[in-house]
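J.: Sequence:
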Amino acid sequence: MNITVVGTGYVGLVTGTCLASMGNSVVCVDTDAQKVENLNKGILPIYEPGLDSMVLENSAADRLRFTTNVVDGVAHGEVIFIAVGTPPDEDGSADLQYVLQVANSIGQSIEEYRVVVTKSTVPVGTSEKVRQEILKVLDQRAVTVDFSIVSNPEFLKEGAAVDDFMKPDRIIIGTDDDRALEVMRSLYAPFNRNHERVISMDIPSAELTKYTANAMLATKISFMNEMANLAERLGADIEAVRLGIGADPRIGYHFIYPGCGYGGSCFPKDVQALHRTAGDVGYDARILEAVELVNQSQKEVPVQKVIEHFGNDLSGRTFALWGLSFKPDTDDMRDAPSRVVMEMLWSMGAKVQAFDPVAVDEAKRIYGDRDDLILDGDDPYAVLPGADALILVTEWKAFRAADIKRIAASLEGDAIIDGRNIFSPEAVSQAGLSYYGIGR
Numbered sequence: 070m071n072i073t074v075v076g077t078g079y080v081g082l083v084t085g086t087c088l089a090s091m092g093n094s095v096v097c098v099d100t101d102a103q104k105v106e107n108l109n110k111g112i113l114p115i116y117e118p119g120l121d122s123m124v125l126e127n128s129a130a131d132r133l134r135f136t137t138n139v140v141d142g143v144a145h146g147e148v149i150f151i152a153v154g155t156p157p158d159e160d161g162s163a164d165l166q167y168v169l170q171v172a173n174s175i176g177q178s179i180e181e182y183r184v185v186v187t188k189s190t191v192p193v194g195t196s197e198k199v200r201q202e203i204l205k206v207l208d209q210r211a212v213t214v215d216f217s218i219v220s221n222p223e224f225l226k227e228g229a230a231v232d233d234f235m236k237p238d239r240i241i242i243g244t245d246d247d248r249a250l251e252v253m254r255s256l257y258a259p260f261n262r263n264h265e266r267v268i269s270m271d272i273p274s275a276e277l278t279k280y281t282a283n284a285m286l287a288t289k290i291s292f293m294n295e296m297a298n299l300a301e302r303l304g305a306d307i308e309a310v311r312l313g314i315g316a317d318p319r320i321g322y323h324f325i326y327p328g329c330g331y332g333g334s335c336f337p338k339d340v341q342a343l344h345r346t347a348g349d350v351g352y353d354a355r356i357l358e359a360v361e362l363v364n365q366s367q368k369e370v371p372v373q374k375v376i377e378h379f380g381n382d383l384s385g386r387t388f389a390l391w392g393l394s395f396k397p398d399t400d401d402m403r404d405a406p407s408r409v410v411m412e413m414l415w416s417m418g419a420k421v422q423a424f425d426p427v428a429v430d431e432a433k434r435i436y437g438d439r440d441d442l443i444l445d446g447d448d449p450y451a452v453l454p455g456a457d458a459l460i461l462v463t464e465w466k467a468f469r470a471a472d473i474k475r476i477a478a479s480l481e482g483d484a485i486i487d488g489r490n491i492f493s494p495e496a497v498s499q500a501g502l503s504y505y506g507i508g509r
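Numbering (the working numbering), first residue to last: 70 to 509.
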């Protein structure tokens, strides 16, 4: 098929590239001319394992190209995916201005039947707003063009987005139109050969499915962090508790790892937006509010443990930080716990020496040059000398088998704050360091 994807962020770029890899002809549209120029050269705006080689391969095969020309995109695509950002507005609701701008552009350019798909994570009712925006512009043009609206939410994990798209556990298609449903089934057929993964439903249900999935996962994380804080006060080890409850198949082991909170472009924004949506229809979603509040406070826990060890006066102290991205295998620092930790330390007069294998450039973009921040993307041990303690924030695999004795020998101080519980407390203690975990 001829496919158009509007927006080249995580969702749009992965969607377009993976669809191209199955033999479709894909045009990706973005308003950022520099980004488009870079993408046509094979330079990606994001770090996502495996994606760069796929972009190069499909571009070389002329199955994937990038443009700023939305008219060209609308003319090309039998199916047009809207995959632009929906950042949180000041009140926590999803900002739909970019989605509706795309809908307006489609209405201005559409000449024949198209399936218009909302791929961005959007509140219930957005697809209908997209439909009405296109109809409004068609009315202004005094033309009638047939089109269908589909909600096809993404379920991509940053760091594993390519695999998630190529081997989906479900494909949600929300539509009230049999013709559009058949088009979407045909498009996703190559991803659906092993067993039936398509789940079709009405549009509002599809829109709510995405928010509910992310809110459920965020709830598991915040609940486990709540239990970790309780375990700490009761003298229990949350890691033993985790194994005990994870053995129950009704609970399972996924998303029950205690830590210093979740971040990224999805969970914080989507929980907030769903909470706002509930309020808009007169429902007080108290669990969603609690999930958000627990997560916000959990990001402060590593610094609370620093204070527990060193006292309230941190002026003149230096802390090594391992991990800047909100999770491993991405350079995304949106709502990352590392940002809360660093900013709290800076506000108390401390300096930070941080290592991350891929997010250093992103940290430089966010914070610029600062006298109280040293960044290293090559060697985690290089940020240890002169540091009073090591604070681990992101659970990169390279940290799991870290040389604790080398850490102890390199640190100026004598403490490890393990924000992801990946170190052995016994090994840290045997190396002569004080260990502070989450719920241990």
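Worth double-checking, as some hints may not be accurate.
[Claimed, not checked] What follows is a list of derived Cβ distance ranges for each label pair:
1) 313 with 229: 21 to 29 Å
2) 100 with 158: 15 to 23 Å
3) 110 with 303: 53 to 61 Å
4) 353 with 100: 19 to 27 Å
5) 454 with 274: 19 to 27 Å
6) 441 with 209: 34 to 42 Å
7) 130 with 229: 32 to 40 Å
8) 501 with 263: 51 to 59 Å
9) 441 with 214: 51 to 59 Å
10) 273 with 101: 27 to 35 Å
11) 209 with 362: 39 to 47 Å
12) 140 with 347: 34 to 42 Å
Honestly, the hints are just simulated from the structure, not real lab data.
Idealized CB from N, CA, C, for every residue including glycine.
J.: Indicate, hint by hint, whether the structure satisfies it.
T.: Now for the hints, and whether the structure bears them out:
Separated by about 27 Å at the C-beta atoms, residue 313 and residue 229 satisfy the suggested range of 21 to 29 Å. Checked against the hint of 15 to 23 Å, the C-beta distance between residue 100 and residue 158 comes to roughly 20 Å, which is consistent with it. Take residue 110 and residue 303: their Cβ atoms lie about 57 Å apart, and the range 53 to 61 Å holds. Separated by about 38 Å at the C-beta atoms, residue 353 and residue 100 break the suggested range of 19 to 27 Å.
Taking the beta carbon of each, residue 454 and residue 274 are about 56 Å apart, not inside 19 to 27 Å as hinted. At about 54 Å, the CB distance of residue 441 to residue 209 disagrees with the hint of 34 to 42 Å. Taking the beta carbon of each, residue 130 and residue 229 are about 24 Å apart, not inside 32 to 40 Å as hinted. Under the hint 51 to 59 Å, the C-beta atoms of residue 501 and residue 263, about 53 Å apart, fit the expected range.
For the hinted restraint 51 to 59 Å between residue 441 and residue 214, the CB-CB distance of approximately 57 Å keeps it satisfied. Under the hint 27 to 35 Å, the C-beta atoms of residue 273 and residue 101, about 32 Å apart, fit the expected range. A hinted range of 39 to 47 Å for the beta carbons of residue 209 and residue 362 is consistent with their spacing of about 45 Å. With their beta carbons about 39 Å apart, residue 140 and residue 347 fall inside the hinted range of 34 to 42 Å.
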